[in-house]
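Mind docking chain B on chain A? Use the hints.
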Amino acid sequence: MKSFRKFFVLCLSFVMMLTLTACSSGGGSADADPTQKTVKIGVLVSDTTSAEALSFRSYYEKYIQSVYNVEFMYSDELTDAAAEQSAIDNFIANNCQAIISFASSDRPAQIEKCEQEGVYYAVATGTLTDDQYEQFKSYSHYVGAIGPDLAAEYQAGYDMAKHFLDQGYTKFGMFTGASVYFTEMHIYRAAGMLAAMCEAGKGDYSGATGYDIVGKIMADGGNVSTGKIGSVEVNGVVSGYDFDDAWFGKLAAVANDPNVDVLLAVGSGQTAFAGFKPEGKMLGDIDCYTADSVALMESGTLNYLAGKFSASIGPIFAATLSAVYGKPVRTAEGNALALSQGYWIATDAEMAKKYFEVDSSTTNPAYTKEKLDTLIGASYDDFAKFVAAYSFEEIQK
Amino acid sequence: MKIGKKLAGTLAIPVLVLAVCLLISGTKGILLFDSQLSWITFIRAAANVVLVTFALSINLNSGRFDFSIGSVALLSSVISSMIATKLNLSAVWMLALSVLFGALLGLISGLVYVSVKLPPIIVSLAVALFYEGFAFTLTGGHGVSFANNASLLGFGTIPNYLLVIASSLALMVIVYDHTKFGYEYKALLSGQKVAVNTGIKEVPNAVLCYVIAGILMGAQGFISATSNGAITMALNFGSISPMFMAFLPMFIGGFIGRFTNDKLGYLLGAISSALISLTYVRLNVSSSAQQIISAVLMVSFLIYLNNEGKLKQLLKR
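Protein sequence lines correspond, in order, to chains A and B.
Residues in the first sequence are numbered consecutively from 167, following our numbering.
Residues in the second sequence are numbered consecutively from 3, following our numbering.
Next up, chain A with everything else stripped away, as it sits in the complex:
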C-alpha cells in the first residue's frame, strides 16, 4: 500500500511538473510573438442601425478581423451609462484585453472602470473634452481618442454652408438632428453652418457670430431659430428624431417652403429631406458614404456630402493593438493620444462614387493592414502624421 502511495505521489508530481512546464513554455512563446495569440477586443456601441455604425462594424468585422489575429465582441445598443458599465463587465468576463468605445453616455466612467480592471480603452470617432483629456491622459490603460473633434464638426458645418453660399444661395432650411438632446456634435455642426451664414450675410445670429453661436444654441436648449442673418435667411428649422406624423409634416413643410432654396442637415439629411425635396432645391448632408447616398447624388437629390469614411477607425484599432502588444503609442510626456480627423467631402456623384468604392471595400479599404502595420509600435509623431493625412487623395498616395 505504502509503495502504491509513493508511486501515486510521484506520478502526480510528474503531471504537475509537465503542466507547469507547458504553461511556462506557452507563455514564453506568446511573449516572443504576441501576434500568435488572438486578441479579444470589446466594442461599445450606442447605435446599431445607422449607415455609419454599420459601415464601421463592417470594416472591423469583415476586414480587420480577417487580416489580424483579433476577435471583436460587440455590445448591444447602449442607451445609458448603466448599460455601458454592464457591457464592460461582460467584456471583461469574456477575457477581452481591450475595449474600443463608440458609446458616449458616460465616457469618464468607462475610462475609470477600464483603468481599474487593467483593460486597454480607446475612443473611436470622437474625442474627449479638454478637461476630460487632462484628467485621463496619464492613465496607463487609456490608449486615446481619434476622430473628428468638435472643431472639426464645426468646420464640417461651416464648409457645407459656405459651399452653397459661395454659389449665391441665401435662403436656407435646416435639420439640426439631436441638437435638442444636447448632442455636441450636432450643435457644433449647426453652429458652423450659422457662422458661415453670418460671414456671408454680414450679420449675426441672435447677436452671436463664430464660435459664440455654440453658446447661443446651448442657451436656447439646443434649438436653432429661424430668422435673417444679414442678407441670408434661415426660413425653416426641424430638429429631433420623432418619426411621427408631425415630424414628417414639419420636414415636408420646410422642404417645400418657397422661401427655402437649400436644405442643410447636420446628419440623416437623406432620411429627413430627400423624399420631400422638390426638384431644383439643393441638399447638403453630413453623414457617411453608402450605396443609397451615391444613388441620391447621381440623381441630383443630394448635392453635397461630408462623410466619415469607415476605415477612419483603423488607426485607433492599431493604437489599441499596439498597447496590447506592449508597445503603447504615447506623447513625449507619456500621455495618451488625442488626434483629430476630418471628413471626405463629395460635391458631385463622381467623387461620391469614387469614395464609396474604396470605403465599402472589404479587401482593399482606405486603411489596409499594410498601412496599419506601420502604426504598431510607431512613435507619436509618426502616428500623428499618419492620422493627419486623412484626405482621400493623401490616403490613396
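Keep in mind the hints are simulated off the structure, nothing from the lab.
For clarity, every value in this text was computed on a predicted model and none was experimentally measured.
Errors might be hidden in some of the hints.
For lysine-lysine, the following DSSO-like pairs were computed, each having C-alpha atoms within a straight-line distance of at most 30 angstroms [as the list claims (entries may be wrong)]: (1) A:Lys537 x A:Lys206; (2) B:Lys182 x B:Lys119; (3) B:Lys88 x A:Lys228; (4) B:Lys119 x B:Lys30; (5) A:Lys206 x A:Lys535; (6) A:Lys519 x B:Lys30; (7) B:Lys119 x B:Lys195; (8) B:Lys314 x A:Lys337; (9) A:Lys551 x A:Lys563; (10) B:Lys7 x B:Lys314; (11) B:Lys8 x B:Lys119; (12) A:Lys337 x A:Lys519; (13) B:Lys203 x B:Lys8; (14) A:Lys382 x B:Lys7; (15) B:Lys30 x A:Lys394; (16) A:Lys520 x B:Lys88; (17) A:Lys519 x A:Lys535; (18) A:Lys520 x A:Lys203.
Just chain B now, with coordinates in the frame of chain A:
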C-alpha cells in the same frame, strides 16, 4: 336617442378640436390649412392614425395587448419595398404586397399566440423582436431607401389617402358589423365562456383578428414608407412606438361610439388627432412640447371619462 343628440355627440369632439386648433393658429396669425401640403399632411396623418387605431382596437378590445403591430408594419413594408424596387413595380403593387405580407405576418402572430398559450403581451413582445430582427437582417441593417423612386413616392396624394381611409373603414364595418365572424367577435367580447358554450370557436376568431390587424398595419407601413421614401430599422422594441399614437383616438373613438358606430368613432378620433398633428406642424411646436401636450390631453380625457358621472351630477346641481 334622438338624432340631434346623436349628431351632437358624434361631432362634438372633432368640431371642438378643430375650433381650438383654428383659434390657436389664428392667434399666431397662421392659417391651419394654407396650402395643398397642409391638406396632405393632415390627411396622411389621419390615414396613418386610423389604420393603427383600427389595428390596435381589434385585439385590445378583446383583452389582447398586441405590441407587435408596429413590427408587422415595419417588416411588411421592408419586404414589399424591396420587391417593388427590385422589380420596378408601381405604388399600387407595393401596397398590395404590403397588405399581403401584413396579413401573413399577422397570421403568424396569431398562430404563435394560440399555439404557445402564453399571455398575449409576452407573445407579442417576442414576435416584435423577431420581426424587427428579421427586417434588420433582410436589409443588412441599412433599411430601405427609395427617395429616388418617383413612382412609389407619387402615391402620396389626397385622393389616394382618402381611398385608403374609406377602404379601411369599409373593411372594418363590413367584417365586424355584417359578417358571422363579426357577430362571433362581439359575442366573445361580451362573455367568452358563454359564447364558447354556444359553439363559437374562439381560436379561429382570434387568429383572424390578428390577420385583419396585419392587413391594416401592412397598409400603414406602406403609407409611412412612401411618405418620405425611406424605412429606417428598429431594434430592441423600437417598432413599438407607432402604437402609442393610437391611444388618444381610441379613447375618443370609444366615447363617440356611444352615439354612433364605434368604427366611425375611431375615424373621428383619428381625424381629431391628425388636426392636432397639423397644428404642431403649422406652429412648429418642438417635440418635447408636443409630447407634454399630447400626454396632458390624453390624461385629461381619461380623467373626464372616469369622472363623467360625477361631473354630470355637479352640473345638475
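So, going through the hints one by one against the coordinates:
Our distance criterion of 30 angstroms between C-alpha atoms is met by A:Lys537 and A:Lys206, whose separation comes to about 21 angstroms. This hinted pair checks out: B:Lys182 and B:Lys119 have alpha carbons roughly 25 angstroms apart, not beyond 30 angstroms. A hinted pair counts as satisfied when its Cα atoms are at most 30 angstroms apart, and B:Lys88 with A:Lys228 qualifies at roughly 26 angstroms. With a CA separation close to 54 angstroms, the supplied pair B:Lys119 and B:Lys30 exceeds the 30 angstroms bound.
At most 30 angstroms may separate the alpha-carbon atoms for a hinted pair to count; A:Lys206 and A:Lys535 meet this at roughly 18 angstroms. As the CA atoms of A:Lys519 and B:Lys30 are separated by approximately 47 angstroms, the hinted pair breaks the 30 angstroms bound. Distance check on the hinted pair: B:Lys119 and B:Lys195 sit about 17 angstroms apart at the alpha-carbon level, within 30 angstroms; holds. For the proposed pair B:Lys314 and A:Lys337, the alpha carbon gap of about 55 angstroms is over 30 angstroms, so the pair is violated.
Using a Cα cut-off of 30 angstroms, the hinted pair A:Lys551 and A:Lys563 holds, with the two alpha carbons roughly 14 angstroms apart. Only pairs whose Cα atoms come within 30 angstroms are accepted, and B:Lys7 paired with B:Lys314 is accepted, the gap being roughly 16 angstroms. Of the supplied pair hints, the one linking B:Lys8 and B:Lys119 is violated, its CA atoms being roughly 41 angstroms apart against a limit of 30 angstroms. Of the supplied pair hints, the one linking A:Lys337 and A:Lys519 holds, its CA atoms being roughly 29 angstroms apart against a limit of 30 angstroms.
For the suggested pair B:Lys203 and B:Lys8, the alpha carbons sit about 35 angstroms apart, so the restraint of at most 30 angstroms is broken. Taken as a hint, the A:Lys382 and B:Lys7 pair is broken in the structure, with Cα atoms around 55 angstroms apart against an allowance of 30 angstroms. The suggested pairing of B:Lys30 with A:Lys394 holds, with an alpha-carbon distance near 20 angstroms, which does not exceed 30 angstroms. At roughly 24 angstroms between alpha-carbon atoms, A:Lys520 and B:Lys88 fall within 30 angstroms of each other, so this suggested pair holds.
For the hint linking A:Lys519 to A:Lys535, the alpha-carbon distance of about 23 angstroms falls within 30 angstroms, and the restraint holds. Taking the CA atoms of A:Lys520 and A:Lys203, the gap is about 37 angstroms. The hint is violated against a cut of 30 angstroms.
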